[in-house]
Each structure stands twice: as C-alpha cells, then as structure tokens.
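*Asks:* Protein chains in written order, with UniProt numbering: chain A, 1 to 342; chain B, 1 to 342; chain C, 1 to 342; chain D, 1 to 342.
Don't read these hints as lab results, they were simulated from the structure. Quick caveat: nothing in here was measured; it's all calculated off a predicted structure. Each statement offered as a hint is correct.
Quick list of in silico lysine to aspartate or glutamate cross-link-like pairs, EDC-like style, CA-CA up to 16 Å: (1) A:K245 <-> B:D166; (2) C:K245 <-> D:D166; (3) D:K139 <-> D:E91; (4) D:K247 <-> D:D166; (5) C:K245 <-> D:E165; (6) D:K245 <-> C:E165; (7) B:K247 <-> B:E165; (8) D:K139 <-> D:D70; (9) A:K139 <-> A:D70; (10) D:K245 <-> C:D166; (11) C:K245 <-> D:E167; (12) C:K139 <-> C:D70; (13) A:K261 <-> A:E274; (14) B:K261 <-> B:E274; (15) C:K247 <-> C:D166; (16) A:K245 <-> B:E165; (17) C:K261 <-> C:E274; (18) B:K245 <-> A:D166; (19) B:K139 <-> B:D70; (20) A:K245 <-> A:D166; (21) C:K247 <-> C:E167; (22) D:K245 <-> D:E167; (23) A:K245 <-> A:E165; (24) A:K247 <-> A:E167; (25) C:K245 <-> C:D166; (26) D:K245 <-> C:E167; (27) A:K245 <-> B:E167; (28) B:K245 <-> A:E167; (29) D:K245 <-> D:E165; (30) D:K261 <-> D:E274; (31) D:K245 <-> D:D166; (32) B:K245 <-> B:D166; (33) A:K247 <-> A:E165; (34) C:K139 <-> C:E91; (35) D:K247 <-> D:E165; (36) B:K245 <-> A:E165.
4 protein chains.
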Amino acid sequence: MTVRAAVAGASGYAGGELLRLLAVHPEVEIGTLTAHSNAGERLGALQPHLAPLAERVLEPTTAETLAGHDVVFLALPHGQSAAVAEQLGPEVLVVDMGADFRLQDAADWEKFYGSAHAGTWPYGLPELPGARAALAGSKRIAVPGCYPTAVSLALFPAYAAGLVEDEAVIVAASGTSGAGKAPKAHLLGSEVMGSMSPYGVGGAHRHTPEMIQNLSAAAGARVTVSFTPTLAPMPRGILATCSAKAKPGATAESVRAAYEKAFAEEPFVHLLPEGRWPATASVYGSNAVHVQAAHDPASGRVIVISAIDNLTKGTAGGAVQSMNIALGLPEELGLPTIGVAP
Amino acid sequence: MTVRAAVAGASGYAGGELLRLLAVHPEVEIGTLTAHSNAGERLGALQPHLAPLAERVLEPTTAETLAGHDVVFLALPHGQSAAVAEQLGPEVLVVDMGADFRLQDAADWEKFYGSAHAGTWPYGLPELPGARAALAGSKRIAVPGCYPTAVSLALFPAYAAGLVEDEAVIVAASGTSGAGKAPKAHLLGSEVMGSMSPYGVGGAHRHTPEMIQNLSAAAGARVTVSFTPTLAPMPRGILATCSAKAKPGATAESVRAAYEKAFAEEPFVHLLPEGRWPATASVYGSNAVHVQAAHDPASGRVIVISAIDNLTKGTAGGAVQSMNIALGLPEELGLPTIGVAP
Amino acid sequence: MTVRAAVAGASGYAGGELLRLLAVHPEVEIGTLTAHSNAGERLGALQPHLAPLAERVLEPTTAETLAGHDVVFLALPHGQSAAVAEQLGPEVLVVDMGADFRLQDAADWEKFYGSAHAGTWPYGLPELPGARAALAGSKRIAVPGCYPTAVSLALFPAYAAGLVEDEAVIVAASGTSGAGKAPKAHLLGSEVMGSMSPYGVGGAHRHTPEMIQNLSAAAGARVTVSFTPTLAPMPRGILATCSAKAKPGATAESVRAAYEKAFAEEPFVHLLPEGRWPATASVYGSNAVHVQAAHDPASGRVIVISAIDNLTKGTAGGAVQSMNIALGLPEELGLPTIGVAP
Amino acid sequence: MTVRAAVAGASGYAGGELLRLLAVHPEVEIGTLTAHSNAGERLGALQPHLAPLAERVLEPTTAETLAGHDVVFLALPHGQSAAVAEQLGPEVLVVDMGADFRLQDAADWEKFYGSAHAGTWPYGLPELPGARAALAGSKRIAVPGCYPTAVSLALFPAYAAGLVEDEAVIVAASGTSGAGKAPKAHLLGSEVMGSMSPYGVGGAHRHTPEMIQNLSAAAGARVTVSFTPTLAPMPRGILATCSAKAKPGATAESVRAAYEKAFAEEPFVHLLPEGRWPATASVYGSNAVHVQAAHDPASGRVIVISAIDNLTKGTAGGAVQSMNIALGLPEELGLPTIGVAP
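Modelling step: build the complete structure from the supplied sequences, incorporating the hints.
*Replies:* In structure tokens:
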C-alpha cells in the first residue's frame, strides 16, 4: 500500500518535521504541499534542510489543492483546521496537528481558545489506555499537544495504578521550536540563548486542560494540575518534571512495577534502568520517549520525568505513528527510535 | 578603609568570579591567590578573562601563604574549609564559599556530606530575616549554596507571611558552571548543549537540607521540600520554579503584598511588575535577584519564580555582599546590579 | 565633572548596552531616553536587565527631548543620525553609534548604503594611529562598526609595520546581537542555535569599506579585503580570523615585535602570551580586545586573530571610551576590562 | 545480502554515530561492539540515545572479539588502527575511521602524528575524482577526516577546473563533538557555550596535510593551505569558509558551471541555488553536504563555503557510504539526506 499524503502548512516547523519523516516513510508518497503567506515559493527557500524536496512549489491551502489524497495532514494555526477539514471527504484520513479537536469539553475550549468548539476526534496518543482501538480505522485524528504528550505519558501509569493523589505539579522545559517560526522579539536567538524563562504561569497555558483531561481519565477522577512551562535555550526537546503526593501504601517497588507494566510493550517508550534519568539530547529527532519514576519518602511524592522531542513524538512523529495505526500499517513504520546525539 | 583580601581556590569558577568582582571593588586590594594542583601557574593561563591579573602566580593553599590579609575567601571543595579556617586567626574575616559551615544540624551534614560536622557560621544571605544583624561585625561567614539562595529568596516571604502550607515543590534549572570546572564527560559541551537533564532527583541533592533549614525558620515549623535540580544548556543562571499549596484565605493580593513588603528595601532583589516573569538572562553577571509570585486558584497553589546568576548572587557576589556588611561597608559596594544582556 | 547624557534609541541592543555602562559611569548622569515605536513605554518592559532604570519612560526622538544634555548618544538605524544630529548644537557632544559618519569616501557610502553621504566625523577607534588626537575635544564622534573594530585592531599593526601584502582575507564569526533586536525569522533562537552560517559573502557586507579605509590608512596604500562574516550560535562576541601574505623578510619575531609595540600602552588591548589564542568568552561584557598573531612559514601568511564583545568594545564601550577622550576624562573610566566568564 | 558488522570503539562519538546509522541500515546486522576502558559495560549507560541497543555489552577490542564479521569498523584513537587491522583477514572489509591510513606521504604522517607510517588505503571520499573506482570491491577503506571532507568537497571543483591559484585560505568552524568524548576542561559546556575560539593556528592541525593531498591531486600541482580551525558553540557541524585567488579569466559563470558539473550526479552534495548559502543546521544528523561558491571581483577571490555534519558525512556517514560502494550496495542505502532542523 502506498498512500498519497498532502501537508497543509508545510512552511512551519511542524510541517517541516512531518516532511522529514514522510520523505523516508516506505508507504507514503508526498503529494501537495500548501502554505498561506508563502504560497508560490519553493520549499527549499523556506526549509533548506529538506534538500530532496527543494524544488517543490507551495500551493495555497484550499479544498481543491488538497483533493485527491489518501491522507491530509493539517499543520495550521489553532482554530483553522475545522474549516479545512469539513471540506475534505469522509473517506480521506485527516490528521490535525493543531488543537481544534483535542478537547472533549466545549467549555474548556472556549475558555482557553476563545472560539466555538469544533468537536472532538480520536486522540492520537496511542500509548494511553484505549487509544489504539479508537485510532484503528479512524478517518479523523487529533494529534496531542507537545506538553500533554510528555506529561500524560509521564503520569498516566501512576494515576491508572492509583499510586498518587489527584493534585499534580508539573514544571516543563521546552525548546524554542515549540513556539513556532513566526518572528517575535522574545524568541530571537539573542534573547533565548543563555536564558531560562517561564511563561503562561498559573495555569494559563492552553495545554493545561488537555493534560487534565488525560490524567483525569487515567485516574477515574478529576485531577488538578499546576503547570509551569519554561523556555529553554535549545531548539528542540521537552523535559517534563512531574510529581504528585504518593497515596498511602505506595512504595518504590509499586511505582516501578506500574511503569514497567505500562510500557512493557510500547515500541517508543523507553523506561530507563533504575537510577538513570532522561535527557532531551537522547531523543533529539526521534519518536522515542524516555521516562524514569521515583518515590521520595522524605517529601512523600512520586516524581516522574519524561523527555521527548517536541517536534517528533510531540507533534509530527506522533502524527505519523497514529496515521500508521489508522491505516493498519505497522505502528513503527518510518519512525526513528534513536536520537541524534551528541 | 582598604582591605587586603586573599583568595584560596583562585583557579575554579567561584574563585574566578570572585576575582572579577574584587578587581573593581573600591575598598579591596587583591593579595595572595592560591590553588591546589595549579599552584605555580600564572592566573592568565587558567582564567584568561582576568587579563589585568594575568601575571599573578598561584601559590599553594597554606596558613603561611594566606597570612597577613584582612579577609580570606575560601573557594575550596566541600569539606576542606574547616582545616584551613582553623589556622587563620580570629581577627581575620574568613568567608567560606563552600558548604562546611552552612548547616545547623550536624546530622544533616553527616547524612549529606558523609564527614564530621565542622560547625555553623553566620549565614551569608542578608535578605533573610535577622541575617544582617548576625553578619554585622562577624569574622566568619558561611556563604549559601546557589540553589538555596534562589529558592530561599523565592519562598521565605510566603512562609513568613503564613500564606502557604508546609510542603514545597521546587524544580530548578541551573547553568553548567554550578557543576564546577573539573572535567567530566557528562559536562562536556557536546553533551550539555541542546539538552535538559535532571540529576539528584528525589531529595538527593546536598542543597536540600539547606533549603529546608531556611524555609522552616521562616515558617516557624518544619517545611518539607521536594527538590529537583536540572542542568540547562547555558553557562550561568538559576531559574527556580517554586510552589506550595495556598493556605485558606491566601489571595493574589495578599501574596503580592507579602512580597512587596519583604523586598521593599532590598538593594539587590527586584520584584517584577505584576504579570512579568524573571529570566536568567536578565541577571547574567549581576548580583541581582529577579522574583515574581502568583496565586493560581485553579490548582490552589502559590507559585514563585526567581532568577539569579549562580556564580554572582549565588556564590561570589553573595560573598562580597556579606563581606561588605561584616566590615561595615555599604552593602552594595562593588557589586553590579545590571546583568549583561542580551 | 558630571555630564548629563541622553540616549536616542534606548530600546535596542546598542542602547541597552550603553545604558548598562553609563549607569555605573562615575561622571555620567543619565538623562532623557528616547525610542521610536516604543516611545511611551517603560524601559523595564523592554530591557528587563536594566532594573535600576526600569521606571524610566521612553520619549520620542526629537530635538526637544534631546535638548539640555552635555552628551547625546545616537543608537539609531543607519541613515537616521544625520537628521537628528544637525538639530543638536555645536556645543553638545554627539556620539553616533550608527554608520552615517564613519566613511571618508562619499562614493563608498552611496554604494553600500544607497543614500546621500552625510559627512565624516572623527573616528572613535582610539587605538588607531592618530585617532586620540582627533577625538580629544571633539564634539562629534563616529563610533566604528563592530567588525571593523575587531579587524582593524587585528591587522593595523602588521600593515603599519610593513609586514604583509595588501590583500587581506578575513573570516569573522559574530554573535547574533550584532543583527539587532528587530524580529526576523532567520534570527530566531530555533534557527541560530546549533548553526553556523555565512552572510554577505563576497564583499557585500557594509562594514567592508570601513575596514579597507582603516587598513589602507595603516598601510599607506590601498588594501584589498575579502571579508566573510558568519553568524555564530551565541548572543555576543566577534572572533575575527585575519590573514595576509607575509612580505619577504617578515619573521615570527618581527611580527611579535610589531604587535608588542602597537599595544604596549593600550589599556584595553591584551596581546596574549605566545601560543595562546583569544576566545570570545574571555571578553564577554567587557571593553577588552584580546589579540594574538603568528607567522606560518608553510603557507607564507601572517595570521592574526582578535576577540571582542560586539556590543561593548564593538559598539557601546567604544562609544564611552571615545566620549571619555573627547571630554578629557580618564580613558578607562567606567569601562570593564574583565569579561564575564565562564 | 545481509552483512554482519562489528564496531571497535563503540563508546565514543564516532562509534555512537555509526551505530545510529547501522541500526537502520537494511543490509546490516550489528555484531560485536568493543571498547577499551568501558569494556564490560552496557551500551545504554554510555550512549543513552541508542535505546534499542541499550542492553548490548561492550567487549574488549581484540582479534577474537572482532572475528566472524563481514565488516569491521575501527573507531579508535589515531595510531591504534594498524595493529588491530593486521589481525583481521584480507577477506574482511575493514573501515578505518581514524587517521592511520589516510596520508600517502610517510613524511607527512611522521611530522604530524609522530609515529611510523602504517600505509595508505583507498580513500573514502567517493565524490573526489577516481575515488569510487578505488573503493569498489576494496577490502580496506580509510575514512577521511571531518575537516578534509568539508574542505576538499568545497574546493576540488575549482582546482580541477583550473579556476584558482594554488594558495588556499581556509577558516572552518566545528562543533565540539569533533574533539571527542574524553573529558577536558576546555571542552566543558561552561567553557564552550557562548564562545568562539581558534586552535591549531598556523598549519598545526593534523588535517592540514590531508587537505593539501586532496587539493593538490585535483589541481595537478602542489597547493598551499592556510588552515585555521575554530571551535563553535554547537555539538555538531562544520562550516568551512574557503577561498583562493581567482586565475585570470575566471568568472562568476565559469565558477558556477564548474560546481554544477562536479556535483550534478552526486546524491549527497547539494549545490545551493545562487545567492543562498549553507548553514550547518540544515545538515544536522544527515549525510548531506551543502555547498555554495561565488566570485568576488573586488577582492579577486573565489569563495566557496560548505556545511557538513562532522559526525555523519564527516565520519560515520562517510564510512557507511564508502562501505556501500565497497560491497556493491546502492551508495545511498541507509543514509539520511535530510537534516534534523530546526
């Protein structure tokens, strides 16, 4: 089976990463590439690393240019996917890398995004309980946000196993590509190199309700999340430091056992040997998730740390992984599991 | 008054930063510089940025070489200060930049450092309640650790004002100079650039008991700390993201008021305007502390974030600030309050 | 003597660096600060590192707001200084940190900047032969470009001593702050971290005629320059690798002697001991210039490498140094000679 | 055909990069992995990014452990390959990633490496004239140095076409992984971040004679090289800025034509469209070479700039490419041509 794939939003970071992966996917043929303000330009001028695709000309994002593909990836700004998606037929697999269809609660959407809720699609984080069944054969996929990917994979086993209380505290560091390619002064290299800085403090980040949704589902109860994202001086990567109060009876052994069980069969999740902790450099450019968990008796907390590449597993790699499942292809097809290090 | 100052451990990062500051301090004359394995070498070969002192020759660290100074700074590995200090007379001001005399509890020292406790000296964090009185006229000063400096200044106002519960969760990112100048593979530029990684997870970091000591004193009760340090891809800086459950009745206004009150007269602490958050780049090379606090009703937590330069306010600048107080000099003398940015 | 100084263009990188220096200059009182699109804002929102000046409000750049100062610094985009300067009286010291008055040849200006030439002012690179005499007492100063500062100081001694042929090859690496604070996609942190890239290849960079002007003056003959600037993944610093064919008779000894003679009395130029080479980290945030020269018999070339901080010695520090001379103050007043390292 | 490959020196950067590539090579099965001081350890503790190989145990580097493979890669310190290679039978393909067999001139070897010359093997830079024929079917391959790869590919077309004089000036910036994984103080992250610094100035770098060898072969005459390597604050990548005086008659058109002809059929070399220049970020983790050339009439020089990943095309990727040729496999098999960007 060769599937023909279009990418809407090929000039940005998510679209560029997706093309890096699709270009070597053995069952994918890259079709139309579209852009908004860059329509008409050659891809090589915008994504110089994609040399084999350098001569491709970007087309405008319309129903016509996106027609005739088996799969359409939408790498568009939040709130723009719904209008495009409804013009694509039900037989086309639509993979939305934006936020439009991630949330189940319309009120959450309206509070954090300020527009009408477009709906909810099967959620493209296959490692969550029940996710693969929902993705198999689906024609619509909502790719998770990068922070929710890192945080949900870090904490869902502890919640699913009933090991922690329902108040999670999360501090995550992200590389700058998570903020996109639109030029802004605070994202200049001069500003970010040599600097760590927080943003969206106090639950203001739009990824917060998505984390709560995932962790609450795992816990079977409403989980409260204190989420502080920080911008780190690196292009890629998320390190999520997550913790919650241990429930009575939780031990180092029961924590370890829960994570071993949760990830035993996962092709992309690497639970590190005890005593070793993840580093974002180890997953640079790969679809892997590195995780470690510990129980700290002195503070009474379970601490779980995960590392992902925000553009690969956190966005484009997760999208391809979910596409593979939806199409009935081997889940790992075309996806790197080894990072580019050092 | 001109004081003659010796620096034991002039070849390392703390010693180098101290010399950068002392070289422009209007009341200090730099005397003997000592080192261990680098004794006999010229400073310029080891600290090329200290060009005006390049021809200085490092001497061995002995009672003889350190004699004849008004102030002796000890920038030695942990556990080595006590033996040197006891050879220096009671009339000499000894400023220990190591950990030896920071902790009040001998059991804590033994647990985290594995040797006999040498004692407790006046603690060189002048912004803490009562600290200036203990430092004034003192002949012995224990300079705080870099993480405890950032964390204690972030959280003590909330504890002193009774606004938060006694369980603090802290995730801090540090530049690599905090790990010192001894060559280790995991600190190579190839390893740290582009990477965030945790270490000492689960309360294992030696700075944990020092934080607990400071916060418990402010709270008037034993505070529990979950502390996770992470290594960030930058040479300097600490960003400490601290939070604790708000006590009933705490509000955004009461939190703001507590911090305004705590820092109103502080020359080095800059409480940012509401809504703006610290960045380590803003304090690069300065003795300033930038702080912001917020109350998040959704998670029920008070979140406080501070940024310091680990080598300046976190080590050598804090040492000079405390020296100024001990000697009766203006507290800000010779200390930069503006960072080198961008 | 206390001089009252205004800064036009206080919201950019050059203006910010200037304020960092002026804030601790013992003879300067900071007066009006102006900006263009940021007029009306508080400085703290734009330059968070300048905490002691955070409450200062930026005014528009007009003859009225700039009136009543002893010194006016112009940190404006190229081509805008002349119009402002002509409104300032002849009794005011005007220090232009832009390019408008650097070039002697009007044709060069028109070719590289595309507008009418405004004139030529005394050139603010005091280390060049004859420069101090022209600056002393002057009321107008043209601050050199950052690259010409690094390159001219590296090569003028070899040309002045007649040691090299008249074709210089220069490859320089610059930190990103040299490109300014206006947001552009190719200057985003995501783009520049981990990347070296050239620009303005083939003599297209506007600093080329300024280098030729300086080196030709030293040589007493027209010097040809091949100049390739590259963007390096760091916020600050220039490393200029310069070489030229050795003239017959030039030796390692004669090269060394020429540089020792040229810089023997220079307060800011540090000729490194033989065998050691400059690093930009050693001059971070300082007004120092580190230089080394060598003669390579195998290739027949003299190679000279210099390191500066592009914002300090390369812009704002050089401006203050020249101001000191013009006003009859000690040349080193208020200027750091020790970099912030590591 | 599946070939069984051993890697001697699997704990270092070159060995790690090789394993990243071999792990996804469709015709390679990874056999024995060896190390020196790390023998006995699991690979996961030393190369955490190689998670799928984490449980592999490193064996000592001996004839016995390396026996029974079709291909043996040697990623050993310079001077150690010859002793190992002579114990491997003539039927085994030995790919030496060290310097031992690169140079044709024994005197050059002795001058730069200080030991007896071991011999000369077919040179693994397939893009050079005649190289593929020498590699096809060969059982011994000398993989080029990283700098000679970048520089030779940049300049050989100009020399082969007779467009430039025989004195080349080269300034190259390299990421820190080129200096290896052995911990040294000057390679610490604290030292290299934010800093550009030269080393081996004046022709002292061991890669100089290798460049001269390659360029002289292309020119048909002895070429002189002035080579200055600099260390850049990034883990990977080489940007080589190369130039030489244009011969009379050389024009922008003849330069462009020479490069188009040289690289028209090359699968890994991407000659950029006119006016665009390479960036190391575009080839991060890929086997691609990005090149641009220009003629600068003002200085009379031809300037050519190339970008490679020093560990991929500059070491391990070049090794696999040459292995593919030697074994009669498709040259591009298993090698990425798209970098990980941003």
